[in-house]
Amino acid sequence: MDERKYNMAEEVKVFSTWASPFALRVIWALKLKGVEFDTVHEDLINKSPLLLQYNPIHKKVPVLVHDGKVICESLVILEYIDETWKQNPLLPEDPHQKANARFWAKFGDDKVMQSIGGGVLLKEGKEQEEGFAASMENLKYLEEEIRGKKFFGGETIGLADIALGWLAHYLDIVEEIVGLKLIDQEKFPSLAAWKQEFANAPIIRENWPDRDKLVTKYVVVREANLGKGTPK
Amino acid sequence: MAEVKLYGFWPSPYSHRIIWALKLKGVEYEYIEEDLSNKSESLLKYNPVYKKTPVLVHGDKPIAESLVILEYIEETWPENPLLPKDPYERAMARFWIQYGVDTVAALRAFYQGSGEELEKAATELLESLKILEEQGLGDKRFFGGESMNLVDISYGALGYWLAAVEEVKGVKVLEPSTLPRLHAWAKNLDELPVVKGKHSGL
Chain A
1 MDERKYNMAE
11 EVKVFSTWAS
21 PFALRVIWAL
31 KLKGVEFDTV
41 HEDLINKSPL
51 LLQYNPIHKK
61 VPVLVHDGKV
71 ICESLVILEY
81 IDETWKQNPL
91 LPEDPHQKAN
101 ARFWAKFGDD
111 KVMQSIGGGV
121 LLKEGKEQEE
131 GFAASMENLK
141 YLEEEIRGKK
151 FFGGETIGLA
161 DIALGWLAHY
171 LDIVEEIVGL
181 KLIDQEKFPS
191 LAAWKQEFAN
201 APIIRENWPD
211 RDKLVTKYVV
221 VREANLGKGT
231 PK
Chain B
1 MAEVKLYGFW
11 PSPYSHRIIW
21 ALKLKGVEYE
31 YIEEDLSNKS
41 ESLLKYNPVY
51 KKTPVLVHGD
61 KPIAESLVIL
71 EYIEETWPEN
81 PLLPKDPYER
91 AMARFWIQYG
101 VDTVAALRAF
111 YQGSGEELEK
121 AATELLESLK
131 ILEEQGLGDK
141 RFFGGESMNL
151 VDISYGALGY
161 WLAAVEEVKG
171 VKVLEPSTLP
181 RLHAWAKNLD
191 ELPVVKGKHS
201 GL
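Chains as they are written, first to last, in full-length UniProt numbering: chain A, 1 to 232; chain B, 1 to 202.
The hints are simulated quantities; they were obtained by calculation from the structure and are not laboratory data.
All residues carry an ideal CB built from backbone N, CA and C; glycine is no exception.
Careful, some of the hints might be misleading.
What the hints assert, rightly or not - From the structure, some residues in chain A lie toward chain B, with a derived Cβ separation under 7 angstroms:
no.	residue
1	Leu44
2	Gly68
3	Lys69
4	Ile71
5	Glu73
6	Thr84
7	Tyr141
To be verified - PhoX-like cross-link-like pairs, simulated, lysine-lysine; straight-line CA separation at most 25 angstroms:
no.	chain 1	residue 1	chain 2	residue 2
8	A	Lys140	B	Lys61
9	A	Lys106	B	Lys45
10	A	Lys86	A	Lys150
11	B	Lys25	B	Lys187
12	A	Lys187	B	Lys45
13	A	Lys47	B	Lys130
What the hints assert, rightly or not - From the structure, some residues in chain A lie toward chain B, with a derived Cβ separation under 10 angstroms:
no.	residue
14	Ile57
15	Val76
16	Phe107
Bound conformation, chain A alone (with noise of 0.2 angstroms):
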């Protein structure tokens, strides 16, 4: 039997801020499947003392809690998710094709995350063209993942799609930051066509955070990294 159908009022808050990637996921998760939420905007400079209760250890967003239980860790809570809201799954039920969408998930966040924004949003000269070079390799393989699919998780959005989701966005403006083109559509046409399908997708198109604003911010970001601006 499913409890579900019978819990009317849930409780369900989403701990984020406006610029977070990873908070992103979590919400685009919730909308998919039709789930009301409160979201609490955290100011991360000045982190809110129910922040710090829910997630001691990392202290980061986002935070989800549902019904008095408090998930850290936006790969865990976008499992949690699918696995409480069954509608419009993000995973599929083959376990092998379960175990591909993670293992795309996995490599957005340890391998591509770390070689587009460490190695060449926070990077100059001689490391950024390692950056550079890494993330050319990475996207390769993105590439011969997605050709001939609409998007990772096939025909509807998927776990591995809402991981690597802000490529859709976020590379834009790391782009024109570094002034270096990483997704072209020459060299990948595959990743490319996703690129705009999943920016336009519904629910996805209307929640992007405001382009101009994570410019600046991560213009910021970069220049701290390099030493230039004054740290934080």
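Given the structure of chain A, go ahead and fit chain B onto it with the hints provided.
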């Protein structure tokens, strides 16, 4: 039943995670030892992205990344469950498994460090393990309760492997005086049938 193959590297705790999970589930498998300085064509075919071990091949379908493999094993062979049923309890288990990724980074720094760096790494590792002990393990015998589960498996390197590194470095981190419950946990882990007897070869 389709054939199960495990491509592993004996000195690596990551490969042992998979061995333990397969053994706990009673799954028959063929183990293939890889020479990482001379990787086989099969390894490169089955894990083109990372070119690393462990890789599980079930039928002809490869799965790479040990934590992804563990979840696959759990779903494919549901007998003797290694994750809780309840979604929130599962999320907690996955949180602690994820926390281990940070612990591994601290472990690596400890393994590679010397002099001042070693001291710093040992301190950081201790801090990390204190949180794990207090909030992850608590007063439980295993992370999985009375018996080991995927969380215990994921922290396997804190058993014999960490002890070996401590001996080489001449610095102890996981001791009864500093981490009593976690130390006891490691001892209990090393005594388990699936774990015991795997130390030879190190």
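Verification of the hints:
| no. | hint | result |
| --- | --- | --- |
| 1 | Leu44 | violated (19 angstroms) |
| 2 | Gly68 | violated (10 angstroms) |
| 3 | Lys69 | holds (5 angstroms) |
| 4 | Ile71 | holds (5 angstroms) |
| 5 | Glu73 | holds (5 angstroms) |
| 6 | Thr84 | holds (5 angstroms) |
| 7 | Tyr141 | holds (5 angstroms) |
| 8 | A:Lys140 / B:Lys61 | holds (22 angstroms) |
| 9 | A:Lys106 / B:Lys45 | holds (20 angstroms) |
| 10 | A:Lys86 / A:Lys150 | holds (22 angstroms) |
| 11 | B:Lys25 / B:Lys187 | holds (22 angstroms) |
| 12 | A:Lys187 / B:Lys45 | holds (24 angstroms) |
| 13 | A:Lys47 / B:Lys130 | holds (24 angstroms) |
| 14 | Ile57 | holds (6 angstroms) |
| 15 | Val76 | holds (5 angstroms) |
| 16 | Phe107 | holds (7 angstroms) |
In summary, the numbered hints that this structure violates are 1, 2.
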